[in-house]
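Student: Throw the hints in and build the complete structure from the sequences for me.
From first to last, the protein sequence lines stand for chains R and F. Note that the numbering used here numbers the first sequence so that position 64 is 64, with each residue one more than the last. Note that the numbering used here numbers the second sequence so that position 100 is 100, with each residue one more than the last.
These aren't lab readings, by the way, just hints derived from the structure by calculation. Everything numeric in this text was worked out from a predicted model, so none of it was measured. Possibly wrong hints are sitting among the right ones.
Chain R regions said to be covered by chain F (calculated; three or more residues, Cβ under 8 Å) [what the hints assert, rightly or not]: (1) 186-199; (2) 269-275.
With a Cα cut of at most 20 Å, we get these calculated EDC-like pairs of lysine to aspartate or glutamate [stated by the list, open to error]: (3) R:Lys197 to R:Asp59; (4) F:Lys13 to R:Asp77; (5) R:Lys29 to R:Glu94; (6) R:Lys154 to F:Asp87; (7) F:Lys35 to R:Glu258; (8) R:Lys178 to F:Glu84; (9) R:Lys24 to R:Asp77; (10) F:Lys72 to R:Asp77; (11) F:Lys103 to F:Glu90; (12) R:Lys204 to F:Asp111; (13) R:Lys178 to F:Asp77; (14) F:Lys13 to R:Glu94; (15) F:Lys96 to F:Asp111; (16) R:Lys204 to F:Glu90.
Cβ coordinates follow ideal geometry from the N, Cα and C atoms, glycine included.
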Amino acid sequence: MEFNYDVVVVGGGPAGLGAAAKAKESGLKVAILERNFELGGILNQCIHSGFGLGYFGEDLTGPEYSERFIDLINEQDIEILLNTMVIEITSDREITAVNKNGLLKIKAGAIILAMGCRERTRGAIKIPGSRPSGVFTAGQAQRYMNLENLKPGKKVVILGSGDIGLIMARRMTLEGIKVLGVYELMPYANGLQRNIKQCLDDFKIPLHLSTTVIDIIGKNRLEAVIVAQVDEKGNPIEGTEEKIECDTLLLSTGLIPENELSVKTGIILNKLTNGPLVNANLETNIRGIFACGNALHVHDLVDYVTKEAELAGQKAADFVRGKTSLSENIEVTPGENVRYTVPNYIPTHIDGAIKLYFRVTKPIESGRIVVKANGKTIFTGKEDAFKPSEMMIFYLTPKVVAENLSDLTVAIKEEK
Amino acid sequence: MNSEILVCIICPKACILNIEMENEKIISILGNKCKRGVDYAEKELTNPERALSSTVLIKGGVLPLLPVRSSKALPKDSLIKVMEVIDKTEVVAPVKIGDIIVKNVSNLGVDIIASRSMRKVI
Ligand SMILES: Cc1cc2nc3c(=O)[nH]c(=O)nc-3n(C[C@H](O)[C@H](O)[C@H](O)COP(=O)(O)OP(=O)(O)OC[C@H]3O[C@@H](n4cnc5c(N)ncnc54)[C@H](O)[C@@H]3O)c2cc1C
Ligand code: SF4
Chain R
1 MEFNYDVVVV GGGPAGLGAA AKAKESGLKV AILERNFELG GILNQCIHSG FGLGYFGEDL
61 TGPEYSERFI DLINEQDIEI LLNTMVIEIT SDREITAVNK NGLLKIKAGA IILAMGCRER
121 TRGAIKIPGS RPSGVFTAGQ AQRYMNLENL KPGKKVVILG SGDIGLIMAR RMTLEGIKVL
181 GVYELMPYAN GLQRNIKQCL DDFKIPLHLS TTVIDIIGKN RLEAVIVAQV DEKGNPIEGT
241 EEKIECDTLL LSTGLIPENE LSVKTGIILN KLTNGPLVNA NLETNIRGIF ACGNALHVHD
301 LVDYVTKEAE LAGQKAADFV RGKTSLSENI EVTPGENVRY TVPNYIPTHI DGAIKLYFRV
361 TKPIESGRIV VKANGKTIFT GKEDAFKPSE MMIFYLTPKV VAENLSDLTV AIKEEK
Chain F
1 MNSEILVCII CPKACILNIE MENEKIISIL GNKCKRGVDY AEKELTNPER ALSSTVLIKG
61 GVLPLLPVRS SKALPKDSLI KVMEVIDKTE VVAPVKIGDI IVKNVSNLGV DIIASRSMRK
121 VI
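Tutor: Written out as structure tokens, the structure reads:
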């Protein structure tokens, strides 16, 4: 088969950029397809700092982090197709995309999915009440304020303690918008602790845990929301309702990997992450199609996205050059207190380090990582604290796993 | 002797620092996973600082706003004052990343710099 490109990357955010740069190192013909008018992805609207500590050892803003990679990509002979939206991918790696020139058909030696994620919207979390204007996702508000010069409103309530909402609480406060409070359904905050401190505590914005919005009031524009405390099952407690007058409600209730395209291709998703199930090469169930970044699972730190993307880029290049072989795989099982792992499959015989990313199901004040293989405990970690908001990494090395694997479980054992 | 609990915000590990103080001097810190936590606690308890990012209006650029940041952390209590300056600032495209947008803002010895390059619309 004649390929237009050896490696085609779908999406030009940090994941796509990292993957393309790495694939190019093998001297292949590489292209990036991006639907926006410029590269950089979601980072272009994340004007706050906190990026790059892991990868560059520097505290950068989102645009600074992405510009470094854009410069790197531009220096190389990588084809960049902007304003180009991928609408279909077949399992034999033919891509259909649209741009102002019409339909494009592109044959690829390997494809890397790096479409990022989208936000949970009101529909996805089901708040009853009327449908006035003034209800946005936190990321939409971030776009308005940081890219388009629009203010979302004057008096704001934030539902959900995800990082984007926290970052926006600070941003709006500094722009003179009144942020009345953040309401979180769970008994713990979802965002990173540093964001709670520097975005809420610094500005005395209250965080109400185990509390949610149960109704929305307003005809054309939002006029008020009703909040109520919830019990352990998440049901509103009668008598705790409170009416809060506001003209804007921001939803910061989570991100979902963007995989409409992948599903149409026949790629199987992990129900726990909504990203593709992948092996240690970050390859999906369809050979030659790889995934990384927020399209694979939601990351809170872009540094991990870049690292993961580089692996996908390397493995896609290896695949094109015929350097990967089909090895026998076993499934990694999330054990007690572990919500999911990436990858989902690993080879029975490990000959190099494999990074196992995972998240816990609930905050654990003190616990230890326990890894079991073939029914035996092969690793017990140091005592540490674990939070669902923090992605953890465990390095599976030939030293830890000496024998051939038949099963592998990663769990967190709580220490009382 | 009195004690303070702080969350270190230098990196995402967010260590909880248990600090013992005497006569406004730190005598011991527990809970930091690295040395930067100690520097942070000292700064935070004497003169707290924060990095600031925002946007300024830009004329003739591919977007109406240019993201900017403080070149170094600013005293925490100066943020509102600095925001007033930033809100009044307008620049013209093209701009390069790192260009100084406001020099020595509010005489604090810190510049406001561009955090991305922005080309002119043609
Ligand atoms: C609002 C927000 C705040 C964050 N704050 C921090 C922080 O403080 N520190 C930190 O380290 N990390 C932070 N993160 C996390 C980090 O920025 C993200 O994890 C990272 O940007 C994800 O990169 P990505 O390339 O996977 O996705 P994205 O950046 O979303 O890029 C995906 C790209 O794919 C394109 N695309 C999608 N579908 C198609 C298609 N069909 N055809 C063509 N192109 C397509 C999109 O246009 C986009 O450019 C934040 C994330 C968000 C959303
Ligand atoms: S003490 Fe060190 S490891 Fe802990 S949060 Fe601060 S900088 Fe990070």
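Student: Which numbered conditions among the earlier hints are violated in the structure presented, ordered from lowest to highest?
Tutor: Failing hints, ascending: 2, 4, 7, 10, 12, 14, 16.
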